[in-house]
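Put the complex together from the two separate chains, hints included.
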Amino acid sequence: MSEGKSGETTSAQSKAPAASASPAPDAKEAANAVNIRRRRLVWACIWGYLGVNFLMFLRFFFPRALYEPNTVFDIGFPSDFALGIDQRFLMTNRVWVVREPDRLFVIFARCTHLGCTPEWKPAENKFKCPCHGSGYDSEGVNFEGPAPRPMDRSFVQLDPTGKITVDTSRLFVDDPRAGVNHFNDPGAFLNV
Amino acid sequence: MPEENGSGKEKTGVLEKAKDSAAALRETITEKAKQQAVELKEPEKTQLYRSIFRVKHDEEPRNRALSVLSNVFFHLHPAKVNRDATKYNFTWGMGGITFYLFVVLTFTGVLLMFYYHPTKVQAFRDILYLENDVPFGKLLRNMHRWAAHLMIIAVWLHMFRVFMTGSYKRPREFNWCVGVLLMVLTMLLSFTGYLLPDDQLGFWAVTVGTNMARATPLLGNEGPFGAQMGMTPYNDVRFALLGGSIVDANALLRAYIWHCIAIPLIAAIFMGVHFWRVRKDGGISGPAPVMLESEIKEERSPRPVVLRPSGMG
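Top line first, the protein sequences correspond to chains P and Z.
Just so you know, we're using numbering that gives the first Met the number 0 here: the first sequence kicks off at 0 and counts up by one.
Just so you know, we're using numbering that gives the first Met the number 0 here: the second sequence kicks off at 0 and counts up by one.
If we strip away everything but chain Z, and leave its shape as in the complex, we get (with noise of 0.2 Å):
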């Protein structure tokens, strides 16, 4: 009975005490909803936000620079870049443009994998359903083919410049060697992708190239020494990459998964290596710097040091 009657105190008491935990919410309730219509008017001051972006983006050149190195994705890229190494009539833009071309690849090539089946019976059938009755299926591998081709320009293009300007030299000879893997890498993306509608010029096309792979050094049947390392049709370098000695069903799915996951995913990695290295290999090699008479400052130090890249020595 003493046990109830304490119950009963307890229960006057929690009675009480919740009528006044109840004012204090709505007074509560009512405040947190004040405070969030002011927040709502200016958004970038909530916490939320700030734990998603943590810098302020204003116009200075701290927050800028803040604004480049926490960034997952920009932080490959320099914070700052010299305004003449950026022209386009030095750079011509062939490496943004083969980037951007490879993300267009991507999401063209993800899509295309939705309706293409990548057996003997059903890979050429899928071509024509593409071709002809998917939803821009047509417009979908025009694309995925015209930007494969225009990668390939553009990879070129882009070795050709930086061979012509000299920026393979010291300290970028790391980062020359990186662009040769990739564009390796883009050939084989795109010799790879070749055999995938399984019509006849794709096929001769692989026939032709992987022949050639018979005549590799020591681990061809039919190249310089292949035979003293016991090499035959149906265990050298060509087996391995047709899975069989000659071109059929598992040539097709070894293309495809070398086309569509190894390859570009060895690439992905390569050219992460790629973008950042030209960051910390000084930037995009260029002319040396010009400054603008009005950015000229007085006599910070006595006498302004030009970094001069020396790829332009």
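Chain P on its own, in the form it takes in the complex (with noise of 0.2 Å):
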């Protein structure tokens, strides 16, 4: 006992002098390094998880599901359409339907300055914004205030039973500016 003792405590002392006489630099760097090592390891846990969990937060403001009006959906057949200028699917789907007497299109009825619904008025024949003024013609093409081009106009079909089938998601855009012209494609209206 004494002896194992005795034989510690020189050891103890032997070693004591050294350690502070040279402070054993390689030993005190090789534990500073793991220590940084796994401090690094556990920083980029918490950060990796904090980012990953803020990319979910931005995630949950994208909903999968919309209760949004269809932008797909039926307008009857030509035939039920008379010259002019037709207010039928306004409220429900936010169109005009415009029959001339070679062919029929629809107008989304957007502004194209910042997006209200602009309103037909029949007594001056023409379209008119209530927000900033901008107006346009029985064709929906601007020709007062601050729109910078005409109405766009949605993609119009006939379906196999010969009525008519408007998708308010595919638009047709006319814009002079940009020097752009998709009124005649096929699909931005019909023949009659």
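In short, the hints are calculated from the structure, not lab data.
Each residue gets a CB set at the ideal place from its N, CA and C atoms; glycine is no exception.
Some hints could be false.
As the list claims (entries may be wrong) - These stretches of chain P come out as covered by chain Z in the derived footprint (C-beta under 8 Å, 3 or more residues):
1. 64 to 72
2. 103 to 117
Claimed, not checked - Chain Z is nowhere near these chain P residues, computed Cβ spacing over 12 Å in every case:
3. V41
4. A43
5. F59
6. F61
7. D79
8. R93
9. E99
10. P129
11. D173
12. D184
13. G186
If you want it as structure tokens, here you go:
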């Protein structure tokens, strides 16, 4: 016992001065290196976890299911429409059906300035936006106010039964400033 | 049996002890009652009072400072403020008025929440109900509305004053940035509150406002590089704001939550930082401090040290 104790103390004493004389830089640095690596791993886990959670948080704001009016709908037969502007589907689907002598097309009722719904003024034969005063002629082409281009037109198609199918998620743009006009593309109008 | 005897002895012992303690108790109760009667005359000397207020609020500089520093609400405020910097013709009091209006808006807003349902069927009906039937509902709604208008005005005037007095300069440049964020948050509060009545005015205003979000660079479906980023009306930043492609029930609910919970919380946090930084950046900026003749002390230091806020250099 006593021998063991004395042995321990002597060994401790012999070690202690050595350690204090030279602070064993290699051993200390090695220990620190391990700690830093472990610390970095822990921080990487924490930031990775928070980062993934933040991405989940952002994705959360994009709903998968929408309870909005369907963008694809039937409006009946071409013969249901007389010449001029038809407002039947304005409240339900936000479109005007325009019948001209040789063609039929569907105007999506959204002002190209900032997206309000213009009003059809039969007495003045024009569409007028109540928000900032853009005016469009009976074909939906802008002629006054801040609107930059004519109102967009919806995709139209005859289904096998002869009814007209409209899709307001497919819009045809006429933008004179950008030099594009898709109003005469197939699907932008029906020959009647 | 010996056990019984033993317990009997103990019983008598217990009885005596009880009598003694009862007598002692009678004395201590009367003593305590007397003590409490004395304490009631000077409640600020009681242990209870001191546990709450901790510091004697005597009219001396040290205790005045301590009463600010040791109070959880006041500690954001500087313990001492330069007299010249608080003149209304210098500050216009606009920061304080803005904060006061925020408190008014929070209070009246919470009360409005008791009668308002953020749904398409009920929202506008609730506005009519508040306007016509709820006791003091019209007053409450108009307080909220006018305080909101005034807060926007006060925020802009505060910003104008800070700019004109050069108070945005070092060391206050960080606090200027916090202030700009707070102004943006105030604008967002105003914008989200616009939709909540669900009337024609608010509906079309938010339609217009969120259509502008279509033109966001990279994140909007009509903005620069939006198409290249794969943005459509169904996955862009406007879609995330509205919770859909049109201003509908989801948009109303989202505006409500942003307006009532998320933005006020964020703004309150930034307000805490803003006020604290005013103190840490050397108090309100102002003209160089002026001393009254009566305040000039005899040669405490060879030269009086004049702290000149660097903003007014």
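Query raised in the report: Mind checking, does the region 64 to 72 of chain P have 3 or more residues with a CB under 8 Å from chain Z?
Result: Check passed, 3 qualifying residues.
Report task. Take a quick look at P:F59 and tell me if its Cβ sits farther than 12 Å from every Cβ on chain Z, holds or violated. Result -> 9 Å, violated
Query raised in the report: With d taken as the least Cβ-Cβ distance between P:G186 and chain Z, does d exceed 12 Å?
Result: Holds, because the least Cβ-Cβ distance between P:G186 and chain Z comes to about 18 Å, which exceeds 12 Å.
Query - Least C-beta distance between P:V41 and chain Z, which was stated to exceed 12 Å - result: 27 Å, holds
**Report entry** Least C-beta distance from P:D173 to chain Z larger than 12 Å
**Finding:** 15 Å, holds
Query raised in the report: Does the claim that P:A43 lies off the interface hold, with its Cβ farther than 12 Å from every Cβ of chain Z?
Result: For P:A43, whose nearest Cβ neighbour in chain Z is about 27 Å away, the distance exceeds 12 Å, so it holds.
Requested in this report: Check the non-interface label on P:D184: least C-beta distance to chain Z beyond 12 Å or not.
Outcome: 18 Å, holds
Query raised in the report: Checking C-beta pairs, does the region 103 to 117 of chain P have three or more residues closer than 8 Å to chain Z?
Result: holds (count 3)
Query - Non-interface claim for P:P129 versus chain Z (Cβ beyond 12 Å) - result: 8 Å, violated
Query - Given as non-interface: P:R93, which should sit over 12 Å from chain Z by C-beta - result: P:R93 is in fact no farther than 12 Å from some Cβ atom of chain Z, at 9 Å.
**Report entry** Closest CB of chain Z to the CB of P:F61 still more than 12 Å away
**Finding:** 6 Å, violated
Requested in this report: Determine whether the non-interface label on P:E99 survives the test: each CB of chain Z must be over 12 Å from its CB.
Outcome: 29 Å, holds
In this structure, the hints that do not hold are numbers 5, 6, 8, 10, in rising order.
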